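Protein chains in written order, with this note's numbering: chain A, 1 to 808; chain B, 1 to 284; chain C, 1 to 163.
Don't read these hints as lab results, they were simulated from the structure.
In this text the structure is predicted, and so the values were computed from the model without any measurement.
Be careful, since some hints might not be right.
[To be verified] Computed footprint of chain C on chain B; a stretch qualifies when at least three of its residues, placed anywhere within it, have a C-beta under 8 Å from a C-beta of chain C:
no.: 1; segment: 1-9
no.: 2; segment: 26-38
no.: 3; segment: 50-60
no.: 4; segment: 102-109
All residues carry an ideal CB built from backbone N, CA and C; glycine is no exception.
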Amino acid sequence: MNDLSPDRAERSAKLKGLGHSRKRVEDQRFTQGRGNYVDDIKMPDMLFGDFVRSPYAHARVKSINIDKAMALPGVIAVLTAKDLEPLSLHWMPTLAGDKQMVLADGKVLFQGQEVAFVIAEDRYINADAIELVEVEYEELPVITDPFKALEPDAVVLREDLAGQTSGAHGERKHHNHIFLWEAGDKEATEQVVETADVVAEEMVYYHRTHPCPLETCGCVASMDKVTGKLTLWGTFQAPHVVRTVASLLSGIEEHNIRVVSPDIGGGFGNKVGVYPGYVCSIVASIVTGKPVKWIEDRMDNLMATAFARDYWMKGKIAATKDGKITGLHCEVTADHGAFDACADPTKFPAGFMNICTGSYDIPVAYLGVDGVYTNKAPGGVAYRCSFRVTEAAYFIERMIEVLAIELNMDAAELRAKNFIRKDQFPYTSAMGWEYDSGDYHTAWDKALTAVGYDVLRAEQAERVEAFKRGETRKLIGIGLSHFTEIVGAGPVKNCDILGMGMFDSCEIRIHPTGSAIARLGTISQGQGHATTFAQILASEIGLPADSITVEEGDTDTAPYGLGTYGSRSTPVAGAAAAMAGRKIRAKAQMIAAYLLEVHDGDLEWDIDRFVVKGAPEQFKTMAEIAYASYNQAIPGVEPGLEAVSYYDPPNMTYPFGAYICVMEIDVDTGTHEIRQFYALDDCGTRINPMIIEGQVHGGLTEALAIAMGQEIAYDEIGNVKTGTLMDFFIPTAWETPTYTTDFTETPSPHHPIGAKGVGESPNVGGVPAFSNAVHDAFRPFGLRQAHMPHDHWRIWKIGNDLGLHDDV
Amino acid sequence: MIPAAFDYHRPQGIEDAIAILQKHGDDARVIAGGHSLIPMMKLRMAEVPNLVDLQDIESLKGITIQNGRVNIGAMVTQHELITNEGLAAAAPIMREAALQIADPQVRYMGTIGGNVANGDPGNDMPGLMQCLDATFTLFGPDGARGVKARDFYEGAYMTERDDEEIMTAIHFDASTAGYAYEKQKRKIGDYATAAAAVMLTKDGQTCSSAAIALTNLSDTPIWSQGAGAALIGTDCGPAAIKAAVAAGLDDIDPSEDNRGPIAFKYHAARMMISRAIASAWARA
Amino acid sequence: MTKMNISLTVNGQVHEVEAEPRQLLIHLLREDLNLTGAHIGCETSHCGACTVEMDGKSVKACTVFAAQAQGADITTIEGLAEPGTLNVLQESFREHHGLQCGYCTPGMITRAHRLLQENPTPTEEDVRFGMAGNLCRCTGYQNIVKSIMAAANELNPAKEAAE
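Start from the sequences, fold in the hints, and give me the full structure.
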């Protein structure tokens, strides 16, 4: 039945299933301005809550006087740590096994930290009241550098941890140390590095940045004192986990808490964590008996909730003279800020940083990550990547370039020489990951051919000569990147968050007339789940995607799931959808057999129906079967047609890709122009090519921002220097190039439909491509490493340090 | 980000506006397009108990060009500066510069009066006005007076304008000089890292007049007489440009910010000045 | 707080609202008139999520006081088409995947609407420059530009014929 006859082709097309560039069902609402985001929620008598925040990065809180604020008409209450202490809510556990102050308890540890929570009738009164809360601070020495934090006489940041020589992830070797997390074989790696022909060493810094979704974080908490039920709407990438945490913290039984993620205006990792605003809103609603809304402003968002990166990665890469890599050694100093609030699976305090062997067959490797406290905001979230995977990809893709310099070898050739070969999959890396599938050489060759790599190199060489002759001040950089992601966390045996296994779920109900509703444990923040999950199901159950409603985000109706981040929706919830669909189909087969008076085994599935083998004119469509399941008594079969699947993935998925960026750099101004960007992605089976392409465009643009200017910068006393979108770089349409996308398709062998996830690949692979382009432009003049972001002055400085300017 | 409360005034004539300013003194400020003032108020970095909205005052609007003199009402928006064909012919540097200010939405609201009057060293129009040798009309309790743009700026947010005066119009001569406004910025919507306005006239192959002004490189715009003088009588070749750049750099005093350290500011200034001269010379 | 009566026309309907002068236009639209299509993104006039049309100009409603809008004629995303229908731009954004999370979309489309009023036959460069007051974190703009170009073509059969 593999031939697609006209009839079958038509039936297949009607489903708009896998591989179809189906238009998004979400867009009808969004294009009309009829979305429903958390700040759109309005309830009778709703109050507004907001924070008094610390202007200091490190200070003792001597006193808080709320009298003037309380005297302002319309102010209902001002909560401080003292008010939360009797409830044991002045601190809260973080997702990383640490604890975090909800409101300043005696001291503040970063600028923007929550000090008091003002509750007022509206946000205008609230803003006025915040100005009237009088807080007396005594400034303390500030540490914004993680290396200084570990000096013997560094000031103690976390006094609450005094005397604690171990934390959630083992030994603490200093009062500002959080953990040391190790992977691989240290001794063997050091031995290889010591004896290797060639060793390239470099410090690679991935600066602090921020996911900065266009919608900030916020929530509405509503405690119904009559029913005892708490409803919490909010910007939650993981609503079910929020419910569990809310129950554990508040003591309210979990069935009496309903958490709803409405439409979410972008997440990118910013909305995974649990923030003081959520806790305070819940408390405020319980105290006042009224709904309480809290919405961050942009400065709050950039200063206080969920930064990303801030990894100092010291690498040594060993190789033979002819460029075969023999070992990789990486020591990371990880700046976690004031509290360890990373959103990583419990057993992985440095996320999946140990994927840092990348796409390469490296026989031995070691990773050690020291987590460190500083006077900066907490976070360390996966900003459009799986946990610490963009750090890992950036590290290895920089180290490869540095090794290429050391070997005086072409960096594309060096990569090809060391790729894991197709015949090596499934491949177990030196750090212990089992890469499920890949075909790196094919992708790489396709990419190099597409951009005309050799011609580009020749042009670059000519340009360098012209530059040296003084005929031009522009250089060309060819930025290479071949990344391997590790997404779809993850197998319950080693992945959990707060003890919750990282499975995901799907529940399907087929309605009598042949349409359906599916609910999942994930939540879209723009990925288009309502469109793509319906496509997976359409292909599995043979009902048109247009007849399948997908619903997510309401914990009262959706099955438990761990949410959407780390590109886990397709690998985990998508698999759950397929498996639930197969359960539907299995039951449908029994019903069809009864209706057609044949044995189950005499039937075969054909797009949207079961047909009798050898007698294709005898069939029952899924719509007919659905109807029968409700209106006929079928012996041995329960009425109705529903299924639930909780999917525990057997492994992660490993999307990969080959990106090439061609950049023109004006050495005089430090400005750049992206002349060409080619992105080849292999995300396994492609569910909706249109959406994949859109995800790639978006992820690349976030990568562009990060590589070329976006940062959360602090001055030496801990003031945030990039607190608004004037200084926090987000490119406009004008600064953003046009991308060329391409693909290969290597299905995941363990995923029910072979899909791997794609949303984060472009960020993971894009950052090294942009950054390597900058480095590559200056390679002929001796540049080895220059830290991101590559904004104008930093590129100018590269040229300046290399003596390429004549004005100094 | 919520501003503090204020009383709102919308006078219909300039005299009414002045009367409000006189009544409230330091407690009143005028608002034109508001795109500098409102963010400052929202961040509570500016407190304005009385806000005087100038939008209804007809005499502050419109562009007229008569007898080679350009007159622009203070409430003329950047968008109008860009789309006015008469202005584009009389002073094409205005369009070139205005297109490099902020973004489309902000240009619909932002006014030339607001841009030049508030004394923000990041604004682009003040330097441009110095380059054009514009005169500002200030209207106060004692009537109108004119102040040269080149004499107007005293420090960051400090100008020749008295608290009870309102800038009502900007005037300068139409010009056929070669012109260029070169601005380096991090992205659309950003202030200049460095910017240079240059106007040159040519007599044969010799530069007969030159005006050069610089943006965001000191706490005021900088009209660099020295830079202009270095070009007059030259062929605006590399040596002359080098001399003009050196003179321009002598006049600035940039500060470090997120756009870069001081050394980079000098470097960027150098690039913008030399590029603007070359471009203006080519158009002269 | 002293409130004032503000009269303004929104999507063809005259509204009388009692508001503090300092109230921001975006709050007036969203809170008082329940027009929640335009969103708040950056609050400092950089992102354009709050873009509405006021007296024939695209403006960022987070940086306009309600008092300034006294007497203004305002169009929001909700006023671009009859409820339940999509205008050419809205349809084009849907067709060309010009949106993802949808948060910037109302501001984008409202801005694009004005852009095409003023320049019915824009080049790609015109579109990128004309849309530079609106930030999007999801799409990388490529499909937004494509959507607007396609809508311009749709609205200009004459141009299409000439090509």
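_Of all the hints numbered above, which does this structure not satisfy? Sort the numbers upward._
Checked against the structure, no hint fails, so every one of them is satisfied.
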